[in-house]
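If you're matching them up, the sequences are chains E and L in order.
The first sequence begins at 1 in the UniProt record's numbering and counts up one residue at a time.
The second sequence begins at 1 in the UniProt record's numbering and counts up one residue at a time.
Any given hint could turn out to be false.
You can't tell identical chains apart in this list, so a pair holds if it fits in one copy or across any two.
As the list claims (entries may be wrong) - Within a straight-line C-alpha distance of at most 20 Å, the following computed SDA-like cross-link-like pairs (lysine to any residue) qualify:
(1) 79 to 69
(2) 15 to 52
(3) 55 to 34
(4) 55 to 30
(5) 55 to 27
(6) 55 to 172
(7) 55 to 31
(8) 15 to 39
(9) 15 to 40
Don't read these hints as lab results, they were simulated from the structure.
2 protein chains.
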Amino acid sequence: MARKTGSHSEITGPKVRDAALRLFARHGYAAVSMRQIAREVGVQAGALYLYTKDKQSLLFDLMRTHMDELLAAWAATPKGSTPLAQLEDFSRFHIHFHLDRPDAVFIAYMELRNLSDANFATLEALRREYERELERILEAGHAAGMINVPDTRLATMAVIAMLTGVNTWYREGGRLSQDAVADIYWDMVRGAVGA
Amino acid sequence: MARKTGSHSEITGPKVRDAALRLFARHGYAAVSMRQIAREVGVQAGALYLYTKDKQSLLFDLMRTHMDELLAAWAATPKGSTPLAQLEDFSRFHIHFHLDRPDAVFIAYMELRNLSDANFATLEALRREYERELERILEAGHAAGMINVPDTRLATMAVIAMLTGVNTWYREGGRLSQDAVADIYWDMVRGAVGA
Numbered sequence: 001m002a003r004k005t006g007s008h009s010e011i012t013g014p015k016v017r018d019a020a021l022r023l024f025a026r027h028g029y030a031a032v033s034m035r036q037i038a039r040e041v042g043v044q045a046g047a048l049y050l051y052t053k054d055k056q057s058l059l060f061d062l063m064r065t066h067m068d069e070l071l072a073a074w075a076a077t078p079k080g081s082t083p084l085a086q087l088e089d090f091s092r093f094h095i096h097f098h099l100d101r102p103d104a105v106f107i108a109y110m111e112l113r114n115l116s117d118a119n120f121a122t123l124e125a126l127r128r129e130y131e132r133e134l135e136r137i138l139e140a141g142h143a144a145g146m147i148n149v150p151d152t153r154l155a156t157m158a159v160i161a162m163l164t165g166v167n168t169w170y171r172e173g174g175r176l177s178q179d180a181v182a183d184i185y186w187d188m189v190r191g192a193v194g195a
Numbered sequence: 001m002a003r004k005t006g007s008h009s010e011i012t013g014p015k016v017r018d019a020a021l022r023l024f025a026r027h028g029y030a031a032v033s034m035r036q037i038a039r040e041v042g043v044q045a046g047a048l049y050l051y052t053k054d055k056q057s058l059l060f061d062l063m064r065t066h067m068d069e070l071l072a073a074w075a076a077t078p079k080g081s082t083p084l085a086q087l088e089d090f091s092r093f094h095i096h097f098h099l100d101r102p103d104a105v106f107i108a109y110m111e112l113r114n115l116s117d118a119n120f121a122t123l124e125a126l127r128r129e130y131e132r133e134l135e136r137i138l139e140a141g142h143a144a145g146m147i148n149v150p151d152t153r154l155a156t157m158a159v160i161a162m163l164t165g166v167n168t169w170y171r172e173g174g175r176l177s178q179d180a181v182a183d184i185y186w187d188m189v190r191g192a193v194g195a
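Excised from the complex, chain E in its bound form:
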């Protein structure tokens, strides 16, 4: 797949990001060198630095892009008018979005400790922003008497953990389609929050 050499113009962001994503997911950030990433893209190691400052910048770029895309995709998702309908929208959205990006999700959880402090803080703020989207739905549902949880913050964390957990076992082409999984999980989410 990798070509032996490439002109600088071929080192486009997406190609470098794809290669880094694959390699980080397979071997872990700490075990992957810029040289390996360059080889995967098909360019000389030195040429990689025309695109990215260093490996840390590359990791941060991957993780921030993932969170930016997550927030943008959720913002663009059509939503129901009641908190309960929005909770269903969120549950289905979360499962599909994450199942469609297994490597990015894997890295988002596995490589947090390898971020610099400043980069970690930025990522945490974006993650918190996403969590707040769900938390607001649960608060509105609670206020409307549509759901029943003693602690909306804990319910937020519980629902997100439950939904993200699908990525650890789901295999495309297995016995259940993404939609079938989303149906079953929506049922469990609704039950968990007493709706």
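For this one, chain E is given, so just place chain L on it according to the hints.
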């Protein structure tokens, strides 16, 4: 904390395991050398090999010990007579056991990809054994009409993901005690499985 040197008799299993656990959790398996572990224990690097064959053996030992302890502790946990009571026992047990061992849990999830194929297979079998404990409870609850889930396997994965998720946000000394968290999560687990 670390001493400069130590006699061989001081290189006890627990000391080496504790040091490896701390370092793997903080920096990741790939980034930690046997030399660093030896320094943390307070012995020469060569002396470490009297206790363990290599870094892979050390990682596997940590992860297998964690799973062995998990299975043994659950087996020793007093259990209620109904599937619903057992589900509550399982939920509370899981939360307490995992919150008491943050580093071991972190490593159990983060370092799976760094295991050799044979070691990975052994670990997966132990993990599957633990999941089966919960799955059997859900099956019994379903058969007794006490719970209502369309798919006991998916409910098993959902409940375990939800419960293990507590480790990602819980801080000892925070606004909620372990018991308060377990109360709230038991409520959500019960709801998720329609009990």
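Copy assignment of residue 55 with residue 34, given that the CA separation must stay at most 20 Å: Within. Shortest intra-copy distance 7 Å satisfies the 20 Å Cα cut-off; inter-copy 24 Å does not.
Up to 20 Å CA-CA - residue 172 versus residue 55, copy category: neither (31 Å within a copy, 34 Å between copies)
Alpha-carbon proximity between residue 15 and residue 40, which holds within one copy, between copies, both or neither at 20 Å: within (9 Å within a copy, 41 Å between copies)
Residue 15 and residue 39: within-copy, between-copy, both or neither at 20 Å Cα: This pair counts as within: shortest intra-copy Cα distance 12 Å, inter-copy 41 Å.
Intra- versus inter-subunit Cα pairing at 20 Å for residue 55 with residue 30: The answer is both: 10 Å in one copy and 16 Å across copies each meet 20 Å.
Intra/inter-copy verdict for residue 55 and residue 27 if alpha-carbon distance must be at most 20 Å: Both ways: residue 55 and residue 27 sit 14 Å apart in one copy and 16 Å across, limit 20 Å.
Status of residue 52 relative to residue 15 across identical chains (alpha carbons, at most 20 Å): Classified as within: same-chain Cα gap 12 Å, cross-chain 42 Å, threshold 20 Å.
Copy assignment of residue 79 with residue 69, given that the CA separation must stay at most 20 Å: Within one copy, since 17 Å is at most 20 Å while 45 Å is not.
Alpha-carbon proximity between residue 55 and residue 31, which holds within one copy, between copies, both or neither at 20 Å: Classified as both; 11 Å inside a copy, 15 Å across copies.
Hint violations for this structure: number 6 only, all remaining hints satisfied.
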